[in-house]
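*Asks:* Chain order of the listed sequences is A and B. Following this note's numbering, the residues of the first sequence are numbered contiguously, the last one being 133. Following this note's numbering, the residues of the second sequence are numbered contiguously, the last one being 1275.
Some hints could be false.
[Stated by the list, open to error] Taking lysine-lysine pairs in the DSS-like style, the calculated list, with each CA pair at most 27 Å apart, reads:
1. K61(A) x K1047(B)
2. K61(A) x K132(A)
3. K33(A) x K132(A)
4. K39(A) x K1270(B)
5. K132(A) x K39(A)
6. K61(A) x K133(A)
7. K1047(B) x K33(A)
8. K1002(B) x K39(A)
9. K1047(B) x K38(A)
10. K1270(B) x K1110(B)
11. K1270(B) x K38(A)
12. K1002(B) x K132(A)
[As the list claims (entries may be wrong)] Listed below are several chain A residues computed to face chain B (Cβ distance under 7 Å; list not exhaustive):
13. L27
14. P87
15. A102
16. I114
17. R117
18. T120
[As the list claims (entries may be wrong)] Pulled a few chain B residues facing chain A out of the computed Cβ check, cut under 7 Å:
19. A1014
20. A1025
21. N1053
22. L1079
23. V1080
24. C1081
25. A1197
26. I1261
These are calculated hints, taken from the structure and not from any lab test. We treat Cβ as the ideally placed atom computed from N, Cα and C, and that holds for glycine.
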Amino acid sequence: MNMAELIPALIAKYNYWIYITLMMIGLYAMIAKNNLVKKIVGMNIFQTAIILYYVSIGVKKGATIPISAGGHGAAHEAVHAADYLNPLPHVLMLTAIVVGVATLGVALALCLRIYNRYNTLEEDEILAQIRKK
Amino acid sequence: MKIIGLIITIVTGAFLVYAAADFPAWADPNSPASTYLSPYFIENSMKDTSVPNFVTSLLADYRGFDTMFETTVIFTAGLVCFILLRISGRKEPETSHYRHVLTGVTVTLKEGRKIPASEDFERIDDLWTPPDLIIKTGCRLMIPFIQLFGLYVIAHGHSSPGGGFQGGVILGASIILLAISHDLRTALERMREKVVAILCPVGVAIYAGTGTLCLLLGVNFLDYSALASVLHVDPIAARSHGIFMVEIGVGIAVMTTMIWIYNNISSAGKYNQGL
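Turn these sequences into a full structure, and let the hints steer you where they fit.
*Replies:* So this is what it looks like as structure tokens:
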């Protein structure tokens, strides 16, 4: 594949490159960071990448938002699927965002409990204290 | 650990880039995600449920089970925060301090003494935050409109972007804004812990109860067309009303969970001071 083909091919899939980059940032933060709060931030970046991915695959060229243009009055008019975005990724991500906030709350609550017990949120210091016992 | 993490990340990224080569291009109308199931939802949503917003009909009708258990997950998360953090039985300090609002004079009271309830005095304890007129007044003006907008978003989920999840988050945010701009005590006076803890399962119960009502009327769980005999409308309009009922349940559950999680985390379960 030469450059003249490669660049349009890269641009045509730019949503995937953004989501892969964000996902790698989140994954690296979850594995490599020492501080538990930074791990949670990484988890949220990871989550955002997934949400971005799902929403981006719902997009269709020449389509509008998935709400019937005729409103309530147009119940018997034919609806063409090509005119509207794919509503399925929107539904899945709508719930995932709210569940994401709830799981973030649980993660922070666990962090608070860990901090109360060990007086630190650094992973290596917590592990050292556990080994000492 | 940093090097191992970097290697794992780069290997995963390389696999994803390799896989992305086979993915459909951006905004391709013939992508697999948009060809099999989604045309059915778009074309039949109006016929089946008379809800113009396909996202709402898909959320609460076609995928009703999924949404019900998402609501349960949110309720469980709120409950987990409560169980992990809540510390009950706060000790009353021996002396209490009150500040006269107009003059700024602070009064110290010995144990058991109380000041007559009036607007002129405010109690100074862990909950007390320095007064900030601009922020307090600004938030007090905005909060009613935020709540009205939250109700609008829930009620108009059928015909415009919105629904129980979004409206519930907006309503929850209005109470959290009150807690941030004033203090946690003011927010708790408006929305007591007991009220939050009762409304949260009630929201889930409204959802599950609507489904059970359909079951008792002789059809499948969450098949809202059975509500036609109760509501005296045709089965398609009954689906629309059934969706609205579960959206209200979702809205209540989400609103109270957001408040519950905020109250517990911001005060580390002591409910003595917010952010």
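*Asks:* Does K1110(B) lie within 27 Å of K1270(B) when you go C-alpha to C-alpha?
*Replies:* holds, 23 Å
*Asks:* May I ask you to test the interface hint for A1197(B) with respect to chain A, counting a Cβ-Cβ separation under 7 Å as satisfied?
*Replies:* With a closest approach of 15 Å, the A1197(B) hint is violated.
*Asks:* Assess, step by step, whether the Cα of K132(A) is no farther than 27 Å from the Cα of K39(A), and give holds or violated.
*Replies:* holds, 24 Å
*Asks:* Take the C-alpha atoms of K61(A) and K133(A), compute the straight-line distance between them, and say whether it is at most 27 Å.
*Replies:* violated, 61 Å
*Asks:* Tell me if the interface restraint on P87(A) is satisfied: Cβ within less than 7 Å of some Cβ in chain B.
*Replies:* Holds - the Cβ of P87(A) comes within 7 Å of chain B, reaching about 4 Å at its closest.
*Asks:* Hey, K61(A) versus K1047(B), does the alpha-carbon distance stay inside 27 Å?
*Replies:* Holds, because 25 Å separates the two Cα atoms, which is no more than 27 Å.
*Asks:* Would you check the hint for K33(A) and K132(A), treating anything up to 27 Å between C-alpha atoms as holding?
*Replies:* holds, 23 Å
*Asks:* Given the hinted pair K1047(B) and K33(A), is their alpha-carbon gap at most 27 Å?
*Replies:* Violated, at about 52 Å.
*Asks:* Taking the least C-beta to C-beta distance, is A102(A) closer than 7 Å to chain B?
*Replies:* holds, 3 Å
*Asks:* K1270(B) and K38(A): Cα distance at most 27 Å?
*Replies:* holds, 25 Å
*Asks:* Per the CB criterion, is L27(A) less than 7 Å away from chain B?
*Replies:* holds, 5 Å
*Asks:* Measure nothing beyond the straight line between the CA atoms of K1002(B) and K39(A); if it is 27 Å or shorter, mark the hint as holding.
*Replies:* holds, 13 Å
Violated hints, listed in ascending order, are 2, 6, 7, 9, 16, 17, 18, 19, 22, 25; each of the other numbered hints is respected by the structure.
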